[in-house]
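Undergrad: Protein chains in written order, with this note's numbering: chain A, 635 to 918; chain B, 1159 to 1316.
No lab work stands behind these hints: they were computed from the structure. Every residue, glycine too, gets a C-beta built ideally from N, C-alpha and C. Nothing false has been slipped in among the hints.
Chain B is faced by these chain A residues, among others (derived, beta-carbon under 8 Å):
{"hint": "1", "residue": "Phe641"}
{"hint": "2", "residue": "Met667"}
{"hint": "3", "residue": "Leu668"}
{"hint": "4", "residue": "Ile674"}
{"hint": "5", "residue": "Pro681"}
{"hint": "6", "residue": "Gly730"}
{"hint": "7", "residue": "Pro732"}
{"hint": "8", "residue": "Thr737"}
{"hint": "9", "residue": "Ala818"}
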Amino acid sequence: MVAGITFCPETIQTAARAKADGGILYAGGTDIMLRHAQSIRTGQSVPFIFLNAVTELKRVVVGGSKTRIGAMLTMSEIARSPDMPDLLRRACSTVGSPALRSTATLGGNICTASPAGDSLPALYVLEALVELRSPTKTRLIPIDSFISGPKETVLATDELLAAVIIPDNNLKRFHHRKVSPRTANAITKVSIAAAATIEDGIMKDIRLAFGAVGPTVIRCASLEEELRDMPTEGLAGTISYWKRRVEKLIEPIDDLRSTAQYRRITASGLFQEFMNTITRQGEG
Amino acid sequence: MTVSIPFELNGAPVQANVCPETRLMDVLRDPFGLTGTKEGCGEGECGSCTILLDGQPVLSCLTAVGAVRGRPVTTIEGLRSTPGFALLSRALNDAGAVQCGFCTPGIIMVAYALLRDFPAPDEKTIRAALAGNLCRCTGYNMIVEAIALAARKRGDAW
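Build out the structure end to end from the sequences listed, making use of the hints.
TA: Here you go:
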């Protein structure tokens, strides 16, 4: 631990250097204040590096076929911003409670990389990339490469997650649902984020991801492949087949919050709800 | 490592000489002696510790004091002389919405910000705003009525 670590940096460079010197990045703080509660209580915490003065991390840029979201944007800011993809707004509005969403950040949610992280299934469906900055270099990697396991990312010891990049897409329909015991302050038991485009009765495009049913978000690429270009008319009749496919693709476990069996049944039910919703609404 | 952290507390410039990692809730209660902000769970689940940071409801048990450097913090004590507080405390009383009172300061912080931003919130909006505040005594209905009552009587309180 280095005495006098800059704890209130104003640039990404300074923040990344302070992290390399041994500090812990503090974005919204809502996860690390719990993780380090014990050492904070005894006054022995590793120094925090507070990011709220790094204005570059709050920037949003829309254009050039993408939306670039600064990592320090809070869940509240995203939920109410018309510049954000609707799917992401919906996902971020399910985090915690209103007061928690005022401070919790998108970058923090991604770096915590909980298997139940609420922004994550939406980010996988939107095929988001993360911009990682060290004092000397920048790299851009897809979110499903960034998160490598439960609560694990490939963030280097001198890197910070500066922004989330969401490429534009042509998808027409978006769907999201979080299943949890209460509508607030409840960790997700299972969630779905999905998108599709239906044209002339054909499923032109589909993206499907589930949260809290695996070590990381499960993007059902093989199922998407099967469903793409299928006529939607026959899907209701064969829904049991597709539900069994979902159940085989996910990897839920029994844990504190739920059981594998519940998660399996509910995930395939969420998929059925998604299919019913988009096929009932007709074209688009 | 103790450092001096300047911020604004209930409208006045102050300084906390603490480790920046210290929970804001603990700094408010002691050394500043503002015990209206309560620790109900210490985990961000109950809302009893809610304060306003930059005017927005925030959980002080999950906020390190270093994060509020240079920013305005308002506690329940800071609302005491406002017309909005007078309206809300009267409405909570009239609606029978206070029993042990432990959750009440956190609820008032949320309700104050809600009525400041939404002149006529419907029941769904009130309940959504209160989603992070737990009450073990009242069953919530009187609290929701109290906020609706305060909204109807708001006049020019905000």
